[in-house]
Amino acid sequence: MYIPEDLQDLLQYLDTHQTGIHLIANGSDLINRIQRRQVDPQVLVDLSGLSEFNYVRKESNTIRVGALTTISDLTISPAIDSRHEVFREVAAKFGGPSIINVATVGGNICAASSSEDLLPVLLVLDAQVRLRSKYGERVMRLEDFLRGKRVTDLKPNEILVETMFQEIDAQSACTFEKFGMRNSLIIAFVNSAVYLRLDKVTRRVDEIRVAFNRVAGKVPERAKRTERKLRGKILNGIVVKDAVSTLRNELRLSSDFRVSGEYRTEVACTLFRRALSRCVERLVEEKIIV
Amino acid sequence: MQSHERLLDVLRDRLGLKGTKEGCSTGDCGICAVLMDGKLVNSCLIFAIQARNKKIVTIEGIGTAEKLHPIQRAFMKWNASQCGYCIPAMILAAKDLLDKNPNPSDDDIKMATSGILCRCTGYLKIVEAVKTAADEMRK
Amino acid sequence: MVDDQAAVEKLRQSRQLLVVGKSVERVDSIDKVLGKPIYTMDIVPENALYLKVVRSKFPHALLKRVDVSEARKYLGVAAVVTAQDIPGINESTALLPDKPLLASDRVRFAGEPIAAIASYDPSIAEEAVDLVKIEYESLPAVFSPVDAMKPDALKIHENGNIAKHLKLRKGNVQEGFKQADLIVEGTYKSQFQEPVPLEPEAGFVIPEPDGSVTCVGSIQSPFHVQTGIAKILSLHPDQVRVIQAATGGAFGPKSDEIPVDVLGMAALVAVKTRKPAALAYTREESMIGHTKRHPFVTTLKAGVKKNGKLTAWEATLLADTGAYASLGPLVAIRACFHATGPYVIPHVKTDAYCVYTNNTMAGSFRGFGGPQAHFAAESHIDEIAKKLGMDPLDFRLLNILRPGALTATSQVVDEACGLEESINKAVKESDWYRKREQFSKMNGTKRRGLGIAIMYHGNSLGPEGNDYAAVHMQIEKDGLVRFRTGLTEYGTGAPSGLIQIAAETMHLPMNYFKLEPPDTDHCSDTGPTVASRTITIGGRATQMVAGKLHQTLKEIAAEMLECAAGEVESADAKYYSKSNLERAVSYVEVIEWAYRHGVPLKEAGTFTAPKCEYDPETSQGTTYLQYTYGAVTAEVEVDTETGRVQVIKMVTAYDVGKAINPLSLEGQIEGGTVQGLGYSIMEELIHKDGVVVNPNLADYYIPTSLDIPEIKTIVVEYPGNLGPYGAKAIGEPPIVLPAPAIVNAIDNAIGVRLNQIPATPDRVLMGFKKKIAANKRA
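Protein chains in written order, with the working numbering: chain U, 1 to 290; chain X, 291 to 429; chain C, 430 to 1207.
Treat the hints with caution; some may be incorrect.
[To be verified] Here are the simulated DSS-like cross-link-like pairs (lysine-lysine), alpha carbons at most 25 Å apart as the crow flies:
no., chain 1, residue 1, chain 2, residue 2
1, C, Lys465, X, Lys357
2, C, Lys857, X, Lys367
3, C, Lys465, X, Lys329
4, C, Lys451, X, Lys421
[What the hints assert, rightly or not] Negatives, chain U to chain X, calculated, CB over 10 Å:
no., residue
5, Arg64
6, Arg150
7, Asp242
The hints are simulated quantities; they were obtained by calculation from the structure and are not laboratory data.
All residues carry an ideal CB built from backbone N, CA and C; glycine is no exception.
Starting from the given sequences, assemble the full structure and let the hints guide the process.
In C-alpha cells, the structure reads:
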C-alpha cells in the first residue's frame, strides 16, 4: 500500500505509476471484492489521509463537496439545509451508522455502480466532478464521467477531488425514494431521484430531472425521454400519467434470480410518482393526484 | 502487517482482542463493528493501514468485570444477550449513540443498531437495554 | 441462628418459589457483554493448521478422478485429506447412513465436500484449492420432490428417492367427505429458510499424545459429535473428547451432521499431521453446507359441514430434503402429525414424504416441520372460513382442541390445554373484531389487515427418539456447586434456567452455582440439545440430581442438629430443625462437615422420559407426552402499489406450562417471532439448478432492527405433566405462527390469498393485480 504524504506527492506518484493501482478512500468496496476474489490489486493507494478533501462548502449558488466527505459528514454539514434534505434521505437508507461513517462521496462516484445511492441524486442535481492530475484540473459532468459499470473517465494519473452542483433554491425541490426487501441494509432493487423546478403560480414545470439506479444500462442514469414529456408542461394528474407511460417504455430493467424486470419497472414507476409528488408537496404544499 | 490486512484481522490475530467477531466477511452484518475516532465502523471493511493514528475502541475497552459500563449492566439486566455473538457490536453501537444523543427514542435506538444483524433476540430487549443504560447514564 | 424465624416458617409453609418464575439475570451474560474470548475461533491453539474445503461444483456427478498431488506439493501446504485418508468409516450423518464425510465416488449436491487442505496460512490453503484436479462425469439431477418421485427419475440413493413415507390414518376420510356439505382444496408452498446463526460453523481438533483427540467446536450435541468422530477415526468414543465452546447461535444445523463434517475434516488433518487443526466455515460455506428448513409442498382437502364443523382432512406433504436426508424423516413425522392444526377432526388421512433431490441439504431448523405444517393448515382454515362466510376466529373456536378431545393421532387432550385461553387473550389484545371492521373499509394505497393463526406443538422428541438427559453436580470445598450437563447453551438461555431450577431445589442462591461448559469427559450422554427439551427433560434431570444432593445436605444437617433427617427444613442457605427453629446450621458449615467426614458431595443422574407408543402404520397413539399451545395475531400494512408488507404489531400468546424465567422467555418468543416474520415475507434461499445463488447476507435477507413490529407477548400457564413445575417446550413454537398469521392478515388487507411464502413484494403485487383484473372482468 502506498500512503502519499500530501496531494503533490500523490499526483506525482500517480503520474509515474500509471498501472496496477487501485485508489481507495476507505476501501470498503474494494475489500469486499478482494474477499470475494473478484480482484487482486497490486498496489493500493490510500487517500484517506488527505483530509483537505473532506468539506461541504457553499459558494454563491454552488455547493461543493470534497471527494473524501463521508455520507455521515454530509448529512450533518450546516451547508446541507432543509432544502437539501434529500441527502439525509439517502443517508437514512444507506445501511446504518457503520456504513455511512465510512462511505465517501468520491468513493460512491468512482464505484460507478447501480448500488451507489448517491449517484441518482447527484445526476438529477446535474452535478459536475473536478479531476486533478499533476498537470492540472479538468471539470466534466458527472453524467459523462460515468461511462459504464465500474468504468469512469478517470485517467490513471488523476484523482477525483470534488463534486459540485447548483444549490436547491426556493423554486426547486429534490427527493429520493428507495425500495428494497427490508428497511435497512438494502441493496436497492430500485431507487429514484427527482429534481423539480416548478412555477408555483402556473404549476408549469420549468425543469425536471429524473434518475434511477438503472434505466437502460447498468449504471445510474437519467430518464431523459420521461423528462422531456414533463418539461414545460403544466403539472396535473393526466400529464403525470402520460409521463409514467413514457417511463414504462423508457426503462429497460432486467430480471434476476430474485424479481422480474416487469416488477422492477412497476416499482420504478411508483417510486417516480412518489418522489415527484413529494417534490410538489414541498413546493406548493398540496398533493397532486398521481 | 500486510497491506491487505483488515482492521478486524489485526485486532483479533495480532492484538489478541477476540471480542470483535466476524459474521460474514462481506460487510453485510455489522458484527465486526468497532469505534474508530469515535465513529462506528465495520472493521472487516477497513484496511488496517487506514486505521493508523486513529483511536480504536473495542468491546474490551468498554468495561471490566470489576467495573462494568452501564450499557453492559443494562444488557445483563434485560437478558438482552442470548447467544452473545452480536453483543460486542451492539454495545459499541449503543455507546456511539449515547455519546451523541443521551436521550434517544426507541426509533433512534433502532436506527443506531440498524446496521447490525441479530438472529436470536428480535432486537426488542436490546432496545430496552439501551434505554435503561441511557437513563442510568443521564443520572 | 436463623434471622427471621417467623418469616422462614411462613416460607416453608407457603413453599413459594424463590427463583423459578423470576426474571433473574442469565448466568452466562457477563462473559458475553465483556466480549470474553469464549467462542471457538477465539481459542484456537497458537500453532494450529487452518483448513479450507474443496467442494463439488456440480449438483450430481460421478467423481472419476480426484488428484490432490499438486496441492500436496504446494509450498506451505501441510496436508491434504480425501476419503482415502479416513482410518475408520467415511460417514458423517444424523440419522440414515446415507452421507459420507468426504465424497469419494459421487457427489450429490453443489458444494459437497470432497477434500480439505491444511496450512498454517489460510490464504495458502485457499490458493491450493485451485490446484486440486477433479474429473466429474455429470449425472442427471432433480431439483424438486415431484421430479424426484417420477418413476424414471435417477436414483440419488440406492433405496430410491423417497427417504421416508409417513402415514396417518384416523377414521375414514371418504366417510368424512361424504358427511361434509362443502369441500375445500388448496396447495401451499414454502421455501428453504436459512437459519443464519451469526457465528458460522467452526471447530478445532487437538491430537493428544495418548492417541486420543480433543474436539472443540460450535455445536449443539457433543455426544452425537463424539460418536461421529470416533467412527471416522476408528477410535473408541472414550478416546474422543468433545467440548462445546460458546456458540453464537445454532437453531438446528449445529445439531445434525455439520459439526461432524467440520470436526471430522479437522480431525483427519490433526491425526495425520499430529498438529492442532482448525476449520471455520465462511458465511458462504455455512449457507451452502449446513442444513436448512425443508421446503414443503402441501396439498390439503378439507370437508366441513354448513354449521362449521370440520368432518374430514386429507393432506399430502412433500418435503425436499436435498441430497442427504439429515433429520428429514423426523421433520416429516412432526409435520405429518401436526398437519391438521390444533383441531378436532374425526377423519384424517395424511401422507408425508421426505424426498431426496440434488439441492443442498435440509435438516433440523427450529420448528422442525411445525412451521410448514401450520402455514398450510392455518392458511387453509382461513379459506374454509371464507367459503362458509364465517369469521375466521369464530370458525376456529368452533373446532379447536379442548380437554377431552382427540388429536389427529387420537391422543386425548388433557386438562393442560391453554389453547382457548391463549386465543381469547390474543384476540382481546389485538382488538380483533373492531380492527377488522375498521380495516375492511380501507381502500387507499396502503391497506391494513389483521390475521390469526393457532398452533400446537408436541413436546420433546416424542416419536423422534429416546428422550433423556444427564446432569452431574458436585460441591467443592468452598461451597461452589459445579453443574455439568451435555445440554448446550447457544442462545436459548435454557441452561441458565437449569441453574434456576437447581437453585430452587436446593434453596441456595444462584451465584453458588457454576455452569460448566459441556464436556464429554465430565458428563454422561445427554442426547442432543434440540426439540426445545432442555428445560423439560434437562429440568427433570436437574430436579432429580439436585434433589438427591439436597437430601444429602439435609441428612448431614440432621446429624449436626441431632435430629431426624425428616425434621430438617432449609431456606436461604440454612438448615434448621422444624421442631426447634432456634438452632440452625449454615450451608458452609454443612459442607465443611461433609469434607471432614469424607461424605461425597457428588451426584449424577439421567432422567428418561416415558416412551411414546403408537402404531407406525396409522400414527395413532401417544405421539407426544405433552403439548405447547399458541395463538398469534398479526396486523400488517400492505402497500398496494409495490406489494411491500410491513408488519405493524403482533400479539403472541403461548401456553408455556410454567415460565421458568419470564424475561428470558419473552426474549425467546420475540426472537422466534422475528425469525418467523423473516420466513413469511423476506427470507428465501434460492437454488438455480442446484446451485445456491444467494449464499451471503447481502442477498439473503433477515430482519433488521428497522423491520420489527411491536410485539406483545402473553403468557398463559397450564402446567403439563412432563417438565419441572409443569414447564412446556417453548424454544421452537414462536417461529411457527408468524407466517400463517401474516399471510392471513394480507388476505384480510387486500383480499389476496398467498399460497406461497415468502410473501415477497412481487408476489403480493402480482396477486393484487390479478384480483383487480378479475374484479374488473366480473
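Going through the hints against the structure:
The hinted pair formed by C:Lys465 and X:Lys357 meets the criterion: a straight-line CA distance of about 15 Å does not exceed 25 Å. Simply put, C:Lys857 and X:Lys367 have alpha-carbon atoms about 30 Å apart, too far for the 25 Å limit, and the pair is violated. A distance of roughly 23 Å separates the Cα atoms of C:Lys465 and X:Lys329; the hinted pair therefore holds under the 25 Å criterion. With a CA separation close to 22 Å, the supplied pair C:Lys451 and X:Lys421 stays within the 25 Å bound.
Every CB of chain X lies more than 10 Å from the CB of U:Arg64, the least distance being 23 Å, so the non-interface label holds. No beta-carbon of chain X is positioned within 10 Å of the beta-carbon of U:Arg150; the least distance is around 17 Å. Against chain X, the non-interface label of U:Asp242 holds: every CB pair exceeds 10 Å, the least being about 38 Å.
Checked against the numbered hints above, the structure violates only hint 2.
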